[in-house]
Amino acid sequence: MSRPAHRRPEYHKINKDLFVLTYGALVAQLCKDYEKDEDVNKYLDKMGHGIGTRLVEDFLARSCVRRCHSYSEIIDIIAQVAFKMYLGITPSVACNNSSRNEFSLILDKNPLVEFVEELPAGRTSLCYCNLLCGIIRGALEMVHLDADVAFLQDRLKGDSVTEIGITFLKKPDEKKYRRKK
Amino acid sequence: MVDAVLFEFLHTEMVAELWAHEADPDPGPGEQKMNLLVLESMGFRVGQALGERLPRETLALREELDVLKFLCKDLWVAVFQKQMDSLRTNHQGTYVLQDSSFPLLVRMASGLQYVEEAPKFLAFTCGLLRGTLSTLGIKSLVTASVAALPACRFQVVVQRS
Numbered sequence: 001m002s003r004p005a006h007r008r009p010e011y012h013k014i015n016k017d018l019f020v021l022t023y024g025a026l027v028a029q030l031c032k033d034y035e036k037d038e039d040v041n042k043y044l045d046k047m048g049h050g051i052g053t054r055l056v057e058d059f060l061a062r063s064c065v066r067r068c069h070s071y072s073e074i075i076d077i078i079a080q081v082a083f084k085m086y087l088g089i090t091p092s093v094a095c096n097n098s099s100r101n102e103f104s105l106i107l108d109k110n111p112l113v114e115f116v117e118e119l120p121a122g123r124t125s126l127c128y129c130n131l132l133c134g135i136i137r138g139a140l141e142m143v144h145l146d147a148d149v150a151f152l153q154d155r156l157k158g159d160s161v162t163e164i165g166i167t168f169l170k171k172p173d174e175k176k177y178r179r180k181k
Numbered sequence: 001m002v003d004a005v006l007f008e009f010l011h012t013e014m015v016a017e018l019w020a021h022e023a024d025p026d027p028g029p030g031e032q033k034m035n036l037l038v039l040e041s042m043g044f045r046v047g048q049a050l051g052e053r054l055p056r057e058t059l060a061l062r063e064e065l066d067v068l069k070f071l072c073k074d075l076w077v078a079v080f081q082k083q084m085d086s087l088r089t090n091h092q093g094t095y096v097l098q099d100s101s102f103p104l105l106v107r108m109a110s111g112l113q114y115v116e117e118a119p120k121f122l123a124f125t126c127g128l129l130r131g132t133l134s135t136l137g138i139k140s141l142v143t144a145s146v147a148a149l150p151a152c153r154f155q156v157v158v159q160r161s
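Chain order of the listed sequences is Z and P.
Under our numbering, the letters of the first sequence match residues 1 to 181, in that order.
Under our numbering, the letters of the second sequence match residues 1 to 161, in that order.
Looking at chain Z on its own, in the form it has when it is part of the complex:
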């Protein structure tokens, strides 16, 4: 008896490729619609934000994360649970400052760029994966955390690593311990 169709390895591959290919088609379309790289980047971030606000529900429903008491715990969860669940990768985490509100996620592998060898001609400032920044920002917003999320380094731009910087913004009435909803 052969294995169920959807478990065959080639179909797993198609499923994984579907998102990556669709994302590529989206970026290509946005490059057609917008001349300036900054505009494409902004649009990707905005779309990512919309996705993130909804993805966080899916994440919380499927993972058994405990309440977090610090920014670094949250970053660990993003890197070790969320990235693993959705993209199958585990970026490494670094804390960039002593007040412990600036962090970096360093992506060794990145499925989103699997079919991208280099940025399109004339698109040197394009943050190809900017959707990811928006997703993280939108998801954090839904748990009442404001953060700036942006690419600090990008292999596609010639840097040695791909690094996402997450800076938690302090709000005036911020409590020391945050309750996760």
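Hints may contain errors.
Claimed, not checked - The calculated lysine-lysine pairs, modelled on DSS-like cross-linking and capped at a C-alpha distance of 27 Å, are:
(1) P/K139 - Z/K36
(2) Z/K32 - P/K120
(3) Z/K16 - P/K69
(4) P/K82 - Z/K84
(5) Z/K16 - P/K120
(6) Z/K16 - P/K139
(7) Z/K46 - Z/K109
(8) Z/K157 - Z/K36
(9) P/K82 - Z/K32
(10) P/K69 - Z/K46
(11) P/K120 - Z/K42
Don't read these hints as lab results, they were simulated from the structure.
Given the coordinates of chain Z, work out where chain P should sit on it, guided by the hints.
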């Protein structure tokens, strides 16, 4: 392993954004069509690329009906984790593929409430089908219709030169 749910979220966002893009509170039928075309052509590109990644034996399918059966079973399962519910044909190049519970429509309310919005959620998939067929050597026109969510119907008309 990229999670299947990411595609669904991305697709929903694309539909929402490509519509808001026009920022026209009352887009004329011409503008609506343009957005549908954009989604469809994106789906086409992805379908073509997916077609190139199919197992070898698929590319060797010679009979048109076999290719359509493949789309209904294997491709649909690979993409949407379920098979198409029915396939009908007039044996003269027209095929009707019916999905009683199309995953990209399931999150919307069921029944008649959002039938008008449904085409936006089907355009990409129509393109996907058309693109995959194209890689498999079949030129076609693919349209979709919805009677009541989440059931929908894809019509494939093979273009013979």
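Quick rundown of the hints versus the structure:
| no. | hint | verdict |
| --- | --- | --- |
| 1 | P/K139 - Z/K36 | 36 Å, violated |
| 2 | Z/K32 - P/K120 | 21 Å, holds |
| 3 | Z/K16 - P/K69 | 22 Å, holds |
| 4 | P/K82 - Z/K84 | 25 Å, holds |
| 5 | Z/K16 - P/K120 | 23 Å, holds |
| 6 | Z/K16 - P/K139 | 26 Å, holds |
| 7 | Z/K46 - Z/K109 | 24 Å, holds |
| 8 | Z/K157 - Z/K36 | 16 Å, holds |
| 9 | P/K82 - Z/K32 | 34 Å, violated |
| 10 | P/K69 - Z/K46 | 39 Å, violated |
| 11 | P/K120 - Z/K42 | 24 Å, holds |
Of the numbered hints listed earlier, those contradicted by the structure are 1, 9 and 10.
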